[in-house]
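Starting from the known structure of chain F, arrange chain H on it as the hints suggest.
Protein chains: 2
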Amino acid sequence: MANPTAAMLVIGDEILSGRTRDSNLHFLAQQLTDAAIDLKEARVVADDHDAIKTAVQELAARWDHVFTSGGIGPTHDDITADAIADAFGRHIDVREDARALLQAYYDRSGITMNESRLRMARIPDGATLIDNPVSVAPGFTIENVHVMAGVPAVFEAMVASVLPGIKGGDPLLSRTIRVNRPEGDIAGPLAEMAARHPKVSVGSYPFILNSRFGSNIVFRSSDAQALEAAVKDFLTLMPEGFEP
Amino acid sequence: MANPTAAMLVIGDEILSGRTRDSNLHFLAQQLTDAAIDLKEARVVADDHDAIKTAVQELAARWDHVFTSGGIGPTHDDITADAIADAFGRHIDVREDARALLQAYYDRSGITMNESRLRMARIPDGATLIDNPVSVAPGFTIENVHVMAGVPAVFEAMVASVLPGIKGGDPLLSRTIRVNRPEGDIAGPLAEMAARHPKVSVGSYPFILNSRFGSNIVFRSSDAQALEAAVKDFLTLMPEGFEP
Numbered sequence: 001m002a003n004p005t006a007a008m009l010v011i012g013d014e015i016l017s018g019r020t021r022d023s024n025l026h027f028l029a030q031q032l033t034d035a036a037i038d039l040k041e042a043r044v045v046a047d048d049h050d051a052i053k054t055a056v057q058e059l060a061a062r063w064d065h066v067f068t069s070g071g072i073g074p075t076h077d078d079i080t081a082d083a084i085a086d087a088f089g090r091h092i093d094v095r096e097d098a099r100a101l102l103q104a105y106y107d108r109s110g111i112t113m114n115e116s117r118l119r120m121a122r123i124p125d126g127a128t129l130i131d132n133p134v135s136v137a138p139g140f141t142i143e144n145v146h147v148m149a150g151v152p153a154v155f156e157a158m159v160a161s162v163l164p165g166i167k168g169g170d171p172l173l174s175r176t177i178r179v180n181r182p183e184g185d186i187a188g189p190l191a192e193m194a195a196r197h198p199k200v201s202v203g204s205y206p207f208i209l210n211s212r213f214g215s216n217i218v219f220r221s222s223d224a225q226a227l228e229a230a231v232k233d234f235l236t237l238m239p240e241g242f243e244p
Numbered sequence: 245m246a247n248p249t250a251a252m253l254v255i256g257d258e259i260l261s262g263r264t265r266d267s268n269l270h271f272l273a274q275q276l277t278d279a280a281i282d283l284k285e286a287r288v289v290a291d292d293h294d295a296i297k298t299a300v301q302e303l304a305a306r307w308d309h310v311f312t313s314g315g316i317g318p319t320h321d322d323i324t325a326d327a328i329a330d331a332f333g334r335h336i337d338v339r340e341d342a343r344a345l346l347q348a349y350y351d352r353s354g355i356t357m358n359e360s361r362l363r364m365a366r367i368p369d370g371a372t373l374i375d376n377p378v379s380v381a382p383g384f385t386i387e388n389v390h391v392m393a394g395v396p397a398v399f400e401a402m403v404a405s406v407l408p409g410i411k412g413g414d415p416l417l418s419r420t421i422r423v424n425r426p427e428g429d430i431a432g433p434l435a436e437m438a439a440r441h442p443k444v445s446v447g448s449y450p451f452i453l454n455s456r457f458g459s460n461i462v463f464r465s466s467d468a469q470a471l472e473a474a475v476k477d478f479l480t481l482m483p484e485g486f487e488p
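In the order they appear, the protein sequences are chains F and H.
Numbering of the first sequence is given in this note's numbering, commencing with residue 1 and proceeding in unit increments.
Numbering of the second sequence is given in this note's numbering, commencing with residue 245 and proceeding in unit increments.
Pulled out of the complex, with its shape left as it was, chain F reads as follows (with noise of 0.2 Å):
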């Protein structure tokens, strides 16, 4: 069977203009490739309404989940819950389950709930709240998307909530061999071999290291003797500058 499928959906102005370089996309593609589902699409778009409906739109329907990372803050510039309501022509306001859960959290440590704050209870109807252990502020999911906050600590603790609750398919298993010779010399025959082995997906990956070109060729499957087939293969097709 297939795995299931997934897009991750970036949104924050601070990422575009290059003020802030985004972490959580690469946390989540590694999170989901443990969980064996596969991460097929990301998109970074601005703190803009229609930018964000369009998106989560499209890509909700194309993918059987989609995570979404910022916006969900207490200032002006946090517009994603009413945004992502639009798109699924939910109504928003602020939700007794969540204005409780900040309420209760502000009276432990003795801060003032106010009109911005409460900002962050508006969940759209029909949404499961997601746990924030980090603060308390939650995220939610409706229909097949995961809203969460954009700060890494509080996106990483949210991602640890969600992802129990989804079904992933067959662990996916990969070999990667360190060729210490240019894709160019080796491509020929590495076209050859991957095209003998289509239960297995050989990627390259060229990198520059000491003004020396190399590649790494990864090998991916969820079938474990196919995988070791291609592995094999390959290195006999490269006698020399192979490290496994």
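Quick caveat, the hints were computed from the structure, so don't treat them as lab data.
Keep in mind that the hints are not guaranteed to be accurate.
Claimed, not checked - Taking CB as the label site, the calculated pair distances span: (1) H:Arg-352 to F:Lys-167: 51 to 61 Å; (2) F:Asp-125 to H:Pro-415: 12 to 22 Å; (3) H:Glu-359 to F:Thr-176: 17 to 27 Å; (4) H:Ala-280 to F:Asn-180: 40 to 50 Å; (5) F:Arg-90 to H:Gln-301: 25 to 35 Å; (6) H:Ala-344 to F:Ser-174: 33 to 43 Å.
Virtual Cβ for every residue (Gly too), placed ideally from N, Cα, C.
Below, chain H alone, put in the same frame as chain F:
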């Protein structure tokens, strides 16, 4: 006059599997901001012909410029050039100018030309070559799409080759004020202040440092006077806890 707009398309299974952490988006975002070109959207797609073709068509129709990274090497999974030729309905084959560049480089370096390396001379009809001072194999510009390599050292060199030929808008000025208080404390006055300064874009970017919440407030405008007025207004509102 509004700044020119741009999108980035990152092409590569290795980013979506979490094997590789992309750095090209962050680099390009900073370069475009410096050049007064507004990066409006970014996407990451797999090494898949239809995914690349569709994304390029959508992005090229929507924005003034599209910058791609990845998938133009010599191996069987490098399919970007063919997918982009297809996106524009152009014929693609080994082109003599690109072949000559590669041949001269290989002759100088004692490298053998072979069928795989010749793949890197596949350039769509009508495209302009992008200089690659690192490893010679060129990128290309076709209509408003700039097609570049994924290896960061090569991508960055190609961006340096392309950007001087693109006209930017008015340089964007920015000021950042770090506030050592959580966003929820300041969001109300911040929103009122932002509304009073329509020529200035005001963003709030939360962080967690030593278990304490803080926010960087970023002011952006191409009008220096308007920018300073907004910052001054903000500082009046925030008598404590900020670091200019």
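Checked hints:
{"no.": "1", "hint": "H:Arg-352 to F:Lys-167: 51 to 61 Å", "in the structure": "55 Å, holds"}
{"no.": "2", "hint": "F:Asp-125 to H:Pro-415: 12 to 22 Å", "in the structure": "45 Å, violated"}
{"no.": "3", "hint": "H:Glu-359 to F:Thr-176: 17 to 27 Å", "in the structure": "25 Å, holds"}
{"no.": "4", "hint": "H:Ala-280 to F:Asn-180: 40 to 50 Å", "in the structure": "42 Å, holds"}
{"no.": "5", "hint": "F:Arg-90 to H:Gln-301: 25 to 35 Å", "in the structure": "31 Å, holds"}
{"no.": "6", "hint": "H:Ala-344 to F:Ser-174: 33 to 43 Å", "in the structure": "39 Å, holds"}
Violated hint: 2 only; the structure is consistent with all others.
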